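Respectively, the protein sequence lines represent chains B and L.
Each residue of the first sequence is one higher than the last, beginning at 5 in our numbering.
Each residue of the second sequence is one higher than the last, beginning at 1229 in our numbering.
Hints are not guaranteed to be accurate.
[What the hints assert, rightly or not] Derived DEER-like restraints, expressed as beta-carbon distance ranges:
#1 L:S1377 with B:I201: 33 to 43 Å
#2 L:R1412 with B:L43: 50 to 60 Å
#3 L:L1408 with B:V24: 34 to 44 Å
[To be verified] A few chain L residues that don't get close to chain B, going by computed Cβ distances all over 12 Å:
#4 S1288
#5 G1289
#6 E1317
#7 L1320
#8 Q1323
#9 T1337
#10 S1368
#11 M1404
#12 L1408
#13 L1415
#14 R1444
#15 F1457
#16 L1464
No wet-lab data here; the hints were simulated from the structure.
Since the model is a prediction, treat every value here as computed from it, not as a measurement.
Glycine is no exception: its CB is placed at the ideal position from the N, C-alpha and C atoms.
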Amino acid sequence: MQASTHTSPPAPTRETRRNVRRFARRNRLQIGIIGVLVLLWLFFLALAPETFGQRSIYGAFMQSVPFFGIVAMPLTMLVIARDMDLSFPAVMAFSVTVFVLLYQSTQNVVLAFVACMATGFVLGLLNGLLVVYIGIPSLIATIGTQFFWRGMVNVATNGRAFPLTELRGTPFRELMVGRVFDFIPMQMFWMLVAAVIIWFLLNRHQFGAHIYLIGDNENSARLMGVRVRRTRCLMFAVVGLFAAFAGLLTSLEINNFFTNLGEGYLLIGLAAVFLGGTSVFGGVGTVLGTFVACFIIASIQPAVVAIGWSGFTTQVIYGFIIIVSVSMHAILRRRMI
Amino acid sequence: MEQPYRLELRNVSKSFGEVQSLRNVDLRVGMNEVVGLLGDNGAGKSTLIKIITGYHQPDSGEIIFAGQKVDNLTVAKARALGVETVYQERALADQQTLWRNIFMGREITGRFGFLNTKQIRAETERLMRGELGFTSSAVSASSEIVGFSGGEKQGVAIVRALYFQAELIILDEPTMGLALSETRKLLNFVRDIKRAGKSAIFIDHNVFHVFDVADRIVLLDRGAVAGEFRKDELTLDQLLEKMHHVAETGSLD
């Protein structure tokens, strides 16, 4: 084989072919999910051309997907490390409550924004501390904090909604959820930024390297000196931070803060993570997978309606997708070990 | 003047709840010495190792590296002092790539903790072709180690220990699950440690392997040191006899 690279001309193509194969094997999950997206899109385009042939539906996707997509990406990190956060919708709502109350009393939007982000970070960190230092499994701990912070939102606001119409036309709102060229919503830009940040953290930073190791084999990671507790705590804090940001985007977009903010995002956010190829068993998952899966999840409902099926079908399809993707992982994993 | 030991444990004890794993253990490893650690299951070998590597903290006693007493030893501190370990459980992450495994817990980073993936990959590639002896072009620094054989995985764990310029290498049951030829390679590797002027603690359930490569043998029984011998003081048969005696009576005499 080695000698042939010097003598025979077809060697480079063989080399290329091998590299392509290797690339395909290594990125099979990401290639798979992109393939699913393209196939579904062609399918929808064929069955409902009057909807999927128009640009307005893509504007609608870009407007609404970031609201849960921005949390789904840091959530991917958490799931890779075999943790879970069910409290992010409540963290969204509580962080925005802090924003609203502070903005109303001080009229200082920068202060309110910073406090909102800090709140998200701290609530996330609290999740992490409960999980790591008290030792409650994250699934249970975040059910608790979810109730607690949602309750605190209602206590603080008396269950009342707050209009954010005052912020209309301000540079702050334009920056957060304005439209570029009258078409592309700024939140789509922020979702891309979030994707890039999380991608770098996971793939090019020690933090992400440790997340993969913890998810794969926590004991090995600890034996080799990975600071498991600190990494896990930080991970939860990052999810909280992004949840606060996404919550703020959502409220600004609709010019209103409702106390049930985020309630529809829990399951579709998680569905996107699992559909995107992140394994519940830990150690495996990609940002690209989750990013693409967010759009797949979001396209199902309008597609179902446009094709003329009953809207009730949507949930059936969601359920089917989640069961299939998680089963696929279980089977792949069994084959590996 | 007496040369300090590479590592000295004085009066180390450790309990887990009700169970006392180690009782007043004294252990010395010379500057260029291979110490074989023998003992039955539950004798405390693994606990002792995990204390030396900073994974567990002793309840009492002193840990001294090259004449310097060290308090609150952590995994990171132990490493900085030149301790590297090949764990019985191998401490690998199966679904991760070779480079992530080799540099586990101490990735080469630049500013702000960003990985220097280029250097990490290049180093991994070099170790693979050199020390690990992987020649197949199907394996690269980005291969997941899940398909590797037991020997290859052990090789990864050993190369990882070597790469970081260890002064004291601890091998915890390294021959477990290895084929014969792989075992021979491993024993040669322990001899290389000695030749390179470094030290090692070698733990194995197989007395023959330990007797083969160790300069000195320490017998551990029920959490305490039951005896210590220089290899030139006794024959393999005598050692086996003593081990049986210790196992039955709990003491040497």
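Right, here's what the structure says about each hint:
A hinted range of 33 to 43 Å for the beta carbons of L:S1377 and B:I201 is consistent with their spacing of about 39 Å. Taking 50 to 60 Å as the suggested C-beta distance range, the pair L:R1412 and B:L43 conforms, at roughly 53 Å. For L:L1408 and B:V24, the Cβ-Cβ distance of about 39 Å falls inside the hinted range of 34 to 44 Å, so the restraint holds. Chain B leaves L:S1288 outside its interface by the beta-carbon criterion, the shortest separation being 23 Å against a cut-off of 12 Å.
Against chain B, the non-interface label of L:G1289 holds: every CB pair exceeds 12 Å, the least being about 22 Å. Some Cβ of chain B comes within 12 Å of the Cβ of L:E1317; the nearest lies about 7 Å off, and the non-interface call is violated. A cut-off of 12 Å between C-beta atoms contradicts the statement that L:L1320 is not in contact with chain B; the least separation is 6 Å. The claim that L:Q1323 lies off the interface is violated: its Cβ sits roughly 5 Å from the closest Cβ of chain B, which falls inside the 12 Å cut-off.
The Cβ of L:T1337 does not lie farther than 12 Å from every Cβ of chain B; its closest approach is about 5 Å, which violates its non-interface assignment. Remark: the non-interface label on L:S1368 conflicts with the geometry, its nearest Cβ contact in chain B lying 7 Å away (cut-off 12 Å). No beta-carbon of chain B is positioned within 12 Å of the beta-carbon of L:M1404; the least distance is around 16 Å. At roughly 25 Å from the closest C-beta of chain B, the C-beta of L:L1408 stays outside 12 Å, upholding its exclusion from the interface.
Interface exclusion of L:L1415 from chain B stands, the closest Cβ pair being 24 Å apart, more than 12 Å. Listed as outside the interface, L:R1444 is consistent with that label: its C-beta sits roughly 26 Å from the nearest C-beta of chain B, beyond the 12 Å cut-off. No beta-carbon of chain B comes within 12 Å of the beta-carbon of L:F1457; the shortest separation is about 30 Å. Its beta-carbon lying about 32 Å from the closest one in chain B, L:L1464 satisfies the requirement of being farther than 12 Å from that chain.
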